[in-house]
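**Q** Sequence:
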Amino acid sequence: MIKQIPQPPTKYWIGNVYELEPGNLLKSFERLKSLYGDIFRLTIFDKNLIVISSHELVNFVCDESKFDKIVTLVIEELRNVAHDGLFTAHTNETNWKLAHKILIPAFGPQAIRGMFPAMMDICSQLILRWERFAGEEIDVCDNFTRLTLDTIALCSFNYRFNNFYKDTMHRFVEAMVNTLIESGKRFQRFSIQNALMIRTARRYYADAAYVYHLCDEIIKERREHPIDVNDLLNRMIHGKDPETGYLLSDENIRYQIITFLVAGHETTSGLLSFTMYYLLKNPHALQKAREEADQYNEITVDKLSKLKYIDAVLKETLRLQPTAPFFTVQTKKPFGNGQRACIGRPFAWQESLLTIALILKHFHIEFVDPSYDLRFKQTLTIKPEDLKIRVRPRQRMEILLNPNIKRTEKSEEKNVHEINKENLQSMLILYGSNSGSCQSFAETLASEVLLYGYNATVATLDSSIGHLPSDRPIIIITASYEGKPCENAKQFVAYLETKPKLEINYAVFGAGHHDWVDTYQKIPTYIDEMFGQAGGKRIIERGAGDAAGDLFGSFESWKENLLQVLRKDTDGKNMTNDEKLSIEIVNVTRNLGQIRDFGTVLQNKILVEASEIGPMKRHIEIKLPKGQTYRSGDYLAVLPTNPIETVFRVLKQFQLNTNSQIKIASSTHTFFPTNSPMSAFDILSGYVELNQPISKRQIETLTTLCKDKNEQVNLTNLAGDAYEKEILDKRISILDILEMYRSCELIFSQYLRMLPSLHIRQYSISSSPLWNSEIVTLTYDVHCSPS
Numbered sequence: 001m002i003k004q005i006p007q008p009p010t011k012y013w014i015g016n017v018y019e020l021e022p023g024n025l026l027k028s029f030e031r032l033k034s035l036y037g038d039i040f041r042l043t044i045f046d047k048n049l050i051v052i053s054s055h056e057l058v059n060f061v062c063d064e065s066k067f068d069k070i071v072t073l074v075i076e077e078l079r080n081v082a083h084d085g086l087f088t089a090h091t092n093e094t095n096w097k098l099a100h101k102i103l104i105p106a107f108g109p110q111a112i113r114g115m116f117p118a119m120m121d122i123c124s125q126l127i128l129r130w131e132r133f134a135g136e137e138i139d140v141c142d143n144f145t146r147l148t149l150d151t152i153a154l155c156s157f158n159y160r161f162n163n164f165y166k167d168t169m170h171r172f173v174e175a176m177v178n179t180l181i182e183s184g185k186r187f188q189r190f191s192i193q194n195a196l197m198i199r200t201a202r203r204y205y206a207d208a209a210y211v212y213h214l215c216d217e218i219i220k221e222r223r224e225h226p227i228d229v230n231d232l233l234n235r236m237i238h239g240k241d242p243e244t245g246y247l248l249s250d251e252n253i254r255y256q257i258i259t260f261l262v263a264g265h266e267t268t269s270g271l272l273s274f275t276m277y278y279l280l281k282n283p284h285a286l287q288k289a290r291e292e293a294d295q296y297n298e299i300t301v302d303k304l305s306k307l308k309y310i311d312a313v314l315k316e317t318l319r320l321q322p323t324a325p326f327f328t329v330q331t332k333k334p335f336g337n338g339q340r341a342c343i344g345r346p347f348a349w350q351e352s353l354l355t356i357a358l359i360l361k362h363f364h365i366e367f368v369d370p371s372y373d374l375r376f377k378q379t380l381t382i383k384p385e386d387l388k389i390r391v392r393p394r395q396r397m398e399i400l401l402n403p404n405i406k407r408t409e410k411s412e413e414k415n416v417h418e419i420n421k422e423n424l425q426s427m428l429i430l431y432g433s434n435s436g437s438c439q440s441f442a443e444t445l446a447s448e449v450l451l452y453g454y455n456a457t458v459a460t461l462d463s464s465i466g467h468l469p470s471d472r473p474i475i476i477i478t479a480s481y482e483g484k485p486c487e488n489a490k491q492f493v494a495y496l497e498t499k500p501k502l503e504i505n506y507a508v509f510g511a512g513h514h515d516w517v518d519t520y521q522k523i524p525t526y527i528d529e530m531f532g533q534a535g536g537k538r539i540i541e542r543g544a545g546d547a548a549g550d551l552f553g554s555f556e557s558w559k560e561n562l563l564q565v566l567r568k569d570t571d572g573k574n575m576t577n578d579e580k581l582s583i584e585i586v587n588v589t590r591n592l593g594q595i596r597d598f599g600t601v602l603q604n605k606i607l608v609e610a611s612e613i614g615p616m617k618r619h620i621e622i623k624l625p626k627g628q629t630y631r632s633g634d635y636l637a638v639l640p641t642n643p644i645e646t647v648f649r650v651l652k653q654f655q656l657n658t659n660s661q662i663k664i665a666s667s668t669h670t671f672f673p674t675n676s677p678m679s680a681f682d683i684l685s686g687y688v689e690l691n692q693p694i695s696k697r698q699i700e701t702l703t704t705l706c707k708d709k710n711e712q713v714n715l716t717n718l719a720g721d722a723y724e725k726e727i728l729d730k731r732i733s734i735l736d737i738l739e740m741y742r743s744c745e746l747i748f749s750q751y752l753r754m755l756p757s758l759h760i761r762q763y764s765i766s767s768s769p770l771w772n773s774e775i776v777t778l779t780y781d782v783h784c785s786p787s
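Per the UniProt record's numbering, numbering through the sequence shown is continuous, rising by one, with the last residue being 787.
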């Protein structure tokens with residue numbers, strides 16, 4: 001028996017208008033569904049509307065043999081602006097069929113992959129903006145609207161709105177939102193009402209005129225200054241119907257640009273906003289998604305297909321809250337249906353995967369208001385209303401401060417010069433390090449021994465308690481801190497106190513500072529002696545480096561002696577002369593360095609002016625990041641950056657500029673990010689010690705690269721008796737030498753190989769947590785002397 005479709009009672013000539021909540025149709029439809037079931041009828045003034053909401057009914061009407069998309073209600077009003085663009089055109093219109101044929105290939109898999117660099121360009125701007133505004137309130141929808149609009153414009157039309165460089169968004173956004181809102185209101189009025197609202201109509205069409213003007217300028221610029229790119233705009237201008245040979249008119253291209261700018265950013269920004277909300281509401285899912293993103297040093301286009309969990313998060317978000325609002329959680333057709341489905345789905349999906357992965361990789365995220373519950377704001381689509389978050393940069397300092405974190409990347413990528421490790425002998429290199437110097441030495445040694453026939457594993461001392469192998473050389477590199485072991489060597493030293501029996505071959509290098517006379521080299525010496533007493537056999541005598549002198553030169557000399565012994569042990573087998581580091585200048589977006597947390601300087605004042613009695617003394621107060629405290633005896637760890645002036649000197653020396661992008665490939669272990677483009681400025685600022693005094697061994701290397709005989713003689717003298725006075729006391733760096741001795745032909749990759757990694761600086765805290773557990777103070781002397 002045929003049943004009548006239920007309908008709420010109508011009132012006079014307005015029908016069911018009073019049933020609809022202004023600005024929130026979705027909430028109104030959900031309420032009516034609970035009252036009238038999966039299908040009901042509404043009368044809106046002189047228009048009839050049937051709303052369905054079950055899986056079965058939605059599937060039924062999506063059968064293209066029975067139903068077709070009709071342009072009515074809000075979409076019909078949008079034709080005032082977008083006319084016969086893909087979204088607002090009738091299926092039987094000539095321009096819809098023509099545009100559909102021409103534009104479908106633009107969103108094929110290969111074309112979408114080709115858009116990845118431009119997507120990364122814009123997404124990096126969002127990451128940079130959030131990094132600069134860390135700790136401050138971030139409007140999620142506003143930022144994702146900037147992101148998605150800039151992305152679709154750059155990828156499709158090579159046009160930059162530059163929304164991340166302005167406090168307010170581009171005028172286009174305001175005009176577009178106004179037309180969407182007014183279109184939504186117009187379908188709820190009588191036609192005569194719309195005709196009589198002259199001032200509103202004038203604003204409506206003025207906004208539309210601005211949108212037209214912008215689109216026409218984009219088309220005009222491309223026709224007058226054509227570029228050889230296979231983007232959407234070139235396809236629309238030059239693409240032909242393969243059957244008829246027809247081209248799109250400039251007028252229709254205008255409407256297609258409007259369609260893509262509106263549809264290409266509205267829905268995707270909503271998806272990203274809802275995803276952020278659901279991740280924050282489900283911390284276990286947030287952590288799992290972050291762990292997936294952290295598997296890769298860099299998010300590349302090839303990595304996106306491996307982000308299975310983040311892909312599932314996005315799909316579940318669309319199931320729970322599709323941004324094209326009139327599909328409920330029982331059904332999931334967020335991109336439409338059949339021939340009228342959204343052709344930009346692959347574009348939106350790639351953009352969303354990239355954005356979520358980069359955000360999770362770079363930041364800790366939290367609600368500004370932890371009690372926030374989801375509310376909606378609606379135009380053509382829906383988005384969360386007043387969703388605000390705060391972010392804190394993460395990752396780089398986490399790795400530096402926790403050396404137990406594995407640095408291996410789950411990747412199938414191969415280095416430029418791959419070394420066959422199958423026939424190499426094993427080696428274990430253990431380090432104890434607080435500031436990072438000994439860890440850097442360990443990693444450097446690991447890369448060196450690979451070339452001498454050894455495959456080295458690098459780990460902390462604490463990680464090897466009770467299982468020191470006897471079938472391979474064990475190298476120890478560690479320091480003392482006021483006579484005590486490093487944080488990641490305390491348990492190992494305690495283990496040695498039990499006097500275990502060890503059948504090992506070992507070598508020890510210790511770092512220290514001779515100003516601590518009573519404890520200088522205490523821990524390295526203790527480990528060396530305990531190994532000997534336990535039955536171990538020294539490979540070479542213990543090495544010692546003084547941070548007040550030529551620490552790096554001492555390590556190089558000890559390392560050279562070690563390598564000579566190792567070479568004898570392997571009889572030169574499996575040795576390789578592969579280049580250890582290669583650099584490629586590339587043209588891509590910059591990769592951002594990250595630090596763990598930002599502190600806030602509350603006060604920086606002079607306690608005592610400099611005088612004949614002593615140097616100036618200063619006092620600085622620093623508020624720790626939220627959630628961090630300290631204990632008496634703790635140190636404050638600070639990751640420095642090199643002075644900009646020094647970085648510019650290096651760039652000038654090697655004829656690079658601040659925007660030069662380089663990709664480093666290495667056949668051996670290195671602390672540099674490999675196979676991932678970064679700016680030369682970022683690498684020089686945050687990865688290497690530029691002002692470290694040059695070592696004797698490095699001077700000898702530069703001597704061999706000098707073409708001028710007089711300069712060779714001078715450098716030879718500097719590596720001899722004059723070294724301490726002329727190099728160490730004056731802290732002359734490699735860069736200083738290159739600037740003074742212009743005939744040295746050192747290339748950039750060689751220069752980077754000579755530099756140690758930038759390590760954190762530790763400062764004794766002068767305050768007590770009993771005074772304030774969230775604020776630390778440093779009290780220090782300021783020494784002014786020539787360098």
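I should point out that these hints are in silico values taken from the structure, not numbers from a laboratory.
Where a beta carbon is used, it is the ideal one built from N, C-alpha and C, also for glycine.
Worth double-checking, as some hints may not be accurate.
Distance condition first, Cα-Cα at most 25 Å in a straight line; then the derived PhoX-like pairs of lysine-lysine [to be verified]:
#1 Lys663 to Lys707
#2 Lys303 to Lys288
#3 Lys69 to Lys97
#4 Lys185 to Lys11
#5 Lys388 to Lys315
#6 Lys537 to Lys501
#7 Lys652 to Lys617
#8 Lys240 to Lys27
#9 Lys605 to Lys623
#10 Lys308 to Lys101
#11 Lys240 to Lys281
#12 Lys522 to Lys499
#13 Lys47 to Lys97
#14 Lys308 to Lys166
#15 Lys537 to Lys652
#16 Lys315 to Lys281
#17 Lys185 to Lys47
#18 Lys537 to Lys617
#19 Lys47 to Lys3
#20 Lys725 to Lys709
#21 Lys288 to Lys306
#22 Lys623 to Lys652
Pairwise CB distance ranges, derived in the manner of DEER restraints [said to hold, decoys possible]:
#23 Arg319 to Ala201: 49 to 59 Å
#24 Glu529 to Pro117: 50 to 60 Å
#25 Leu728 to Val608: 23 to 33 Å
#26 His619 to Glu482: 21 to 31 Å
#27 His619 to Ser743: 41 to 51 Å
#28 Leu728 to Arg567: 25 to 35 Å
#29 Thr200 to Arg319: 33 to 43 Å
#30 Val713 to Gln110: 12 to 22 Å
#31 Ile192 to Ser54: 29 to 39 Å
#32 Phe190 to Ser65: 28 to 38 Å
#33 His55 to Phe133: 41 to 51 Å
#34 Pro22 to Ile192: 34 to 44 Å
#35 Ile227 to Gln193: 40 to 50 Å
**Q** Which hint numbers does the structure go against, in order from smallest to largest?
**A** 1, 7, 8, 10, 11, 13, 14, 15, 18, 22, 23, 30, 34
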